[in-house]
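Undergrad: Since the structure of chain V is provided, determine the placement of chains U, E and C on it from the hints.
4 protein chains.
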Amino acid sequence: MTIEGRDETAAGSPIRLGMVGGGQGAFIGGVHRIAARMDGHFTLVAGALSSDAARNRASGRELGLSDDRVYDDFAAMAEAEAARPDGIEAVAIVTPNHLHFGPAKAFLEAGIHVICDKPLTTTLAEARELAGIVARSGKLFVLTHNYTAYPMIRQARAMVAEGVLGDIRVVQVEYAQDWLTEPLERTGNKQAEWRADPKRSGAGGCIGDIGTHAYNLAGFVSGLMPESLLAELSTFVEGRLLDDNIEVLLRYSTGARGMLWASQVAPGNENGLRLRVYGSRGGLEWAQEEPNRLWFTPFGEQKRLITRAGAGAGAEAARMSRVPAGHPEGYLEGFANIYAEAASAMRAARDGTPPDPAVTYPTVGDGVAGLAFIEACIESSGKGGIWVSLE
Amino acid sequence: MTIEGRDETAAGSPIRLGMVGGGQGAFIGGVHRIAARMDGHFTLVAGALSSDAARNRASGRELGLSDDRVYDDFAAMAEAEAARPDGIEAVAIVTPNHLHFGPAKAFLEAGIHVICDKPLTTTLAEARELAGIVARSGKLFVLTHNYTAYPMIRQARAMVAEGVLGDIRVVQVEYAQDWLTEPLERTGNKQAEWRADPKRSGAGGCIGDIGTHAYNLAGFVSGLMPESLLAELSTFVEGRLLDDNIEVLLRYSTGARGMLWASQVAPGNENGLRLRVYGSRGGLEWAQEEPNRLWFTPFGEQKRLITRAGAGAGAEAARMSRVPAGHPEGYLEGFANIYAEAASAMRAARDGTPPDPAVTYPTVGDGVAGLAFIEACIESSGKGGIWVSLE
Amino acid sequence: MTIEGRDETAAGSPIRLGMVGGGQGAFIGGVHRIAARMDGHFTLVAGALSSDAARNRASGRELGLSDDRVYDDFAAMAEAEAARPDGIEAVAIVTPNHLHFGPAKAFLEAGIHVICDKPLTTTLAEARELAGIVARSGKLFVLTHNYTAYPMIRQARAMVAEGVLGDIRVVQVEYAQDWLTEPLERTGNKQAEWRADPKRSGAGGCIGDIGTHAYNLAGFVSGLMPESLLAELSTFVEGRLLDDNIEVLLRYSTGARGMLWASQVAPGNENGLRLRVYGSRGGLEWAQEEPNRLWFTPFGEQKRLITRAGAGAGAEAARMSRVPAGHPEGYLEGFANIYAEAASAMRAARDGTPPDPAVTYPTVGDGVAGLAFIEACIESSGKGGIWVSLE
Amino acid sequence: MTIEGRDETAAGSPIRLGMVGGGQGAFIGGVHRIAARMDGHFTLVAGALSSDAARNRASGRELGLSDDRVYDDFAAMAEAEAARPDGIEAVAIVTPNHLHFGPAKAFLEAGIHVICDKPLTTTLAEARELAGIVARSGKLFVLTHNYTAYPMIRQARAMVAEGVLGDIRVVQVEYAQDWLTEPLERTGNKQAEWRADPKRSGAGGCIGDIGTHAYNLAGFVSGLMPESLLAELSTFVEGRLLDDNIEVLLRYSTGARGMLWASQVAPGNENGLRLRVYGSRGGLEWAQEEPNRLWFTPFGEQKRLITRAGAGAGAEAARMSRVPAGHPEGYLEGFANIYAEAASAMRAARDGTPPDPAVTYPTVGDGVAGLAFIEACIESSGKGGIWVSLE
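Same order as they appear, the protein sequences are chains V, U, E and C.
Per the working numbering, residue 1 is the first one in the first sequence, and the count goes up by one each step.
Per the working numbering, residue 1 is the first one in the second sequence, and the count goes up by one each step.
Per the working numbering, residue 1 is the first one in the third sequence, and the count goes up by one each step.
Per the working numbering, residue 1 is the first one in the fourth sequence, and the count goes up by one each step.
Think of the hints as simulated: they come from the structure by calculation, not from any bench.
Keep in mind that a hint or two might mislead.
To be verified - Here are the simulated BS3-like cross-link-like pairs (lysine-lysine), alpha carbons at most 30 Å apart as the crow flies:
hint, chain 1, residue 1, chain 2, residue 2
1, V, K190, V, K105
2, V, K383, C, K383
3, U, K383, E, K199
As the list claims (entries may be wrong) - Coverage of chain U stretches by chain C, computed from C-beta distances (three or more under 8 Å per stretch; other residues unrestricted):
hint, region
4, 205-212
5, 308-316
In this text, a Cβ means the ideal position worked out from N, Cα and C, and glycines have one as well.
Same shape as in the complex, but just chain V (with noise of 0.2 Å):
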């Protein structure tokens, strides 16, 4: 059934979803959930919810599963679930960072497709093994660059992909956050705890959680991939193990240019990921905190507003909508479109019909380009600030 545009539940066939993490206590695990129940295409059956065996079990209780289904870990999850004839189809990661490359490979192999969290990996090394690894699999491999699924993020893509741009000369990306101004990782916060902990987040801070995001979101709706960058991290908050603060300059092999910053010390900012993008004919402005919002300026014309499901909102918006104009959808929308991007795909999988051509959503290739990019800056700033080749 349809409102606006968005599918809901197709009749008797949800997903059979696991879960790796999310047990009590983390965040992105509630997310992924309710992203997967919003539109009724997954139903969750199974977890190993955390590597605390009292927790997972208590998690897997509140979230109404089976004890049987609740795993002490996420390879014995994978092969009894691969064993069983109801077992999961799918499972969503969403572990930090350096577990995500060991269950993707466990579960891709069991014959599951796999759900991610973002960063892909915690190298770019391990992110290839995985794309060679998800190729021979066979299986879908979904990477929840969640930003690229908000309704007018697809609309600013097909303006872009049409022209109405022209040719795109200035990508401007910024992500401002202010949440680890003060060191926030040695007060318990376990949040804040495992993302400034270089064993657990790679060798990117402020970079892998959220400047892969912006470099994401930029490619995404410009359709342009850097060919070299030089960056600047820095760390600003006294013995913090990672940058909390990056500074990337970006060149493409069109002749346009672009900035990326990210920082998680700028007070005043919540999630601030905006996007800018000016092109020969016209430019383009949108905002996180306003995601219903696009304003589009024709070169010499007046800027004007396109919203969500609202007059010269396209199909790619449409797609991505549920509810009329001037009814905000928000964060947990946009991440319920990856799922539902995800379920389209896996149900035709399933089914063994053709993909839907529309469908689209990030994948491992992302994952890689991410981790690319993480490495490619880390080497250019540890190297005073020069320039590097992605590729």
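TA: Only chains U, E and C this time, still in chain V's reference frame:
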């Protein structure tokens, strides 16, 4: 499990829900279903989704209902479900206004909780009768004045209640839309059709559809109900049978004064519900299209921005919140908050435990007040714009 | 010489200006002087600046006036200046309301043009008498409803007049301030003191000070004058002698409807004059605190932003404009536009040439309409909130 | 006389001003004249307004200058005015960049104060030479980096200086326009023509025209000057001779980091100068197109809005302010503040009294820094985007 504040699904025990109305082509039914699903508190198991038999059946299948729990009419459904050991515990009534009373009565008398769309009924007399039925039934009745469950509305209400604004002096509320600027009801648009038809909507058009939301919200936040009002109802579109623009002056017994404007013919407004409350010590401003932001000015100080899960947001906002500040929650989350509040109350009723005193939702009393408002406005306007007492 | 649109000083011939009121400690007098100076059209050469002799003299010196052209009272000034070959050609009257009529009459009868602050007088009878005096004098009378001279207000007016909005249906105007939230008039604040004093302000408080601006602006842009109104005047601050919050419903003979709210007790509002006009084909929205922006929505299309000297701004806006788009012009420029319009008319009168037909400024007729509005509101409110005809 | 904070004209003593450039068809000359007139501190009495003799004379007449004080060239003007007892005390130089140095030198050496548009000169060498001339002359030199005189910029600077933000970590400044998105310089547009012509602009296009404003403003508010930078200058419009988009990374010796973006090819941006400064204890955000508003977030608290003459605005903002909060002051008032500061300094020089220590304006040193910035950026970019030391 809890993210930020809002509880996620309580283990093993979603509430069994039925739905009356909401078949293919409807709008608000889909919203109710998303709201019911989002936090995992409900599971939809039965329905009388459409008076068109074929559409009813098809809709049920799309939603994954068993054929034997898709009923031809609400009466049959109430009877059959009440008789099943696994029958529905609650029903969502999402039909046009004239079909609220009958189903509500039937399910309440069958011992089933009711979640009902607004306005409650098409006449005040019916509304009062229904209030009596609710009282006698001992069942819960939840009216989906969904805007009251936005986190920042809860925050605003709490601040007023705590006296942060001092004595309330002025209430300004408006709800502006533009979708009925032209005679859409004569183009085959289903949503416009029934809303513009007195037989299905009752005697109010814009006033019932959105005016009651504005009225309810103003009362919810300010804690004040007017003692008299004066209204000017207009119909700007030729041939339209009901009002499409209303202006109301409100007098409160405390000496406070209010203005309410609702319009469906104001081009440039999508869903412009906006509330401002001013007191002797400060002012609050909120707009539905940016629901995560509440503007607060303590008199003589700087205006400040309170965000959903940001600094200064209190427990009432937190209870309504799922994700951190800067990750926008929207209309569907607000709606889901009503369902979550309802679920909490229904579980307490099921378990025989005392209800959580923090749980707050609009009930049949709000519905009666809404109809009293509608009828007073119609009387005032019909008599040339005179002051009319409320009670 | 012209920048953007607004003419700069015309060679060799600034208009000789006098001022009544506006001595040290006054507010609006200084605004008038800046407005008179900004484009070089006027030169201030005489004044009766204060009823306090010492302050009068000191103020004159600070402003660079010759001592012999600083007069003890307006009557002496009118007589002496009329007798000088180099006497003033125009006078700016910037006294409290009760001191508008006397000076205006004296200067008009002395053959001197008058620029006068609003509201015109303290009673409608006086206003009408003054209108007769103006007519008999053959001199120009300019009422400084300064907000009518913002470029985007001219743009809005032109768009309405051209029918861009179709038939006007709804006018929403408000003017909210907060500076009188507490009894400032009892703390020695001069500005608050006279405004709260019926002897100097007349029978209206908030309604005269800012309500008339809102009323005038709505009429200026919409091109409509109401045929009847209903008002609710309130005084929220204990002991205050005049209204500090007003609510008005407006009925136009065309069937259009309007609401006007003005308040000086709405914390968080500095100078919140805001106008919205909706018609059968589109809507316009403007706020004084962002005066360079006009929001326009053609029904069924995207909202668009018209900026002062940007794309789509027409000749009427350009005439009021000095610098390119994006270089904000503000309150003082708007005020100066009134002076520039006045200068153009005065030069034409001086030269005996036909006035520029584009020149537009509020005149004594607007002042009479303003007093009619005030008295009708007071009558309506005094009789319990009834409908009162406006002529 | 004082309104709010800004002094109005000091009695009897406007400063006699001349102007070089600014004849018919120019833009910035008119801005300087309005700025000079607004507060009554200057009187324009002489000029060499255009190199075109006829236009020069006509322009002089339009401005009300005596024919004998309209000079064929700046050299003649400097000599003649220096010789007159009533000669000019100051000159405003409002010519294209390549004509700043010559006139500035001539007037300084003739003992006349100089107010000069930016950038100071076309080369750093010339800028340094001019700094020496200023020092030797003992005269005042005022560079019209007008944006530094917006009240909220003064407020921001004061807050940073007082440590309200803690240690400054991140400076984000941008200046985006769109008017050169197409090759306007080849259409006869005078403003575009000289700016795009290296002979008249110097080696920088966008960087000199607006980049220097952004750079200067960032330094003015943050109190920090970078020790090195890396720049990427681009020219997107085919055939254009100078840069139209620049990206710069800034390193400060304190460890702070900055990004600067300036563009004249970003459709949808009119005059988008925007500054954000983040420190260990708070953040500030300001945008030129809404100049009366400064957003301040003390870390961990709510974002708050400081307005020009509103609660929490301090003495530095008040000195730059003419009218109460909510009555927007704009670009011309900001520009006039530079003139008012200059007037204060010039009067003190005239009277031999000590200058007011609060008086602050950009001077020749800022001009030298601006040229150092331009040349460093050009060097950096020319060498492929490398880090370049500033001094």
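Undergrad: All the hints need checking, so say for each whether the structure fits it.
TA: Going through the hints against the structure:
{"no.": "1", "hint": "K190(V) with K105(V)", "verdict": "26 Å, holds"}
{"no.": "2", "hint": "K383(V) with K383(C)", "verdict": "17 Å, holds"}
{"no.": "3", "hint": "K383(U) with K199(E)", "verdict": "38 Å, violated"}
{"no.": "4", "hint": "205-212", "verdict": "violated (count 0)"}
{"no.": "5", "hint": "308-316", "verdict": "holds (count 3)"}
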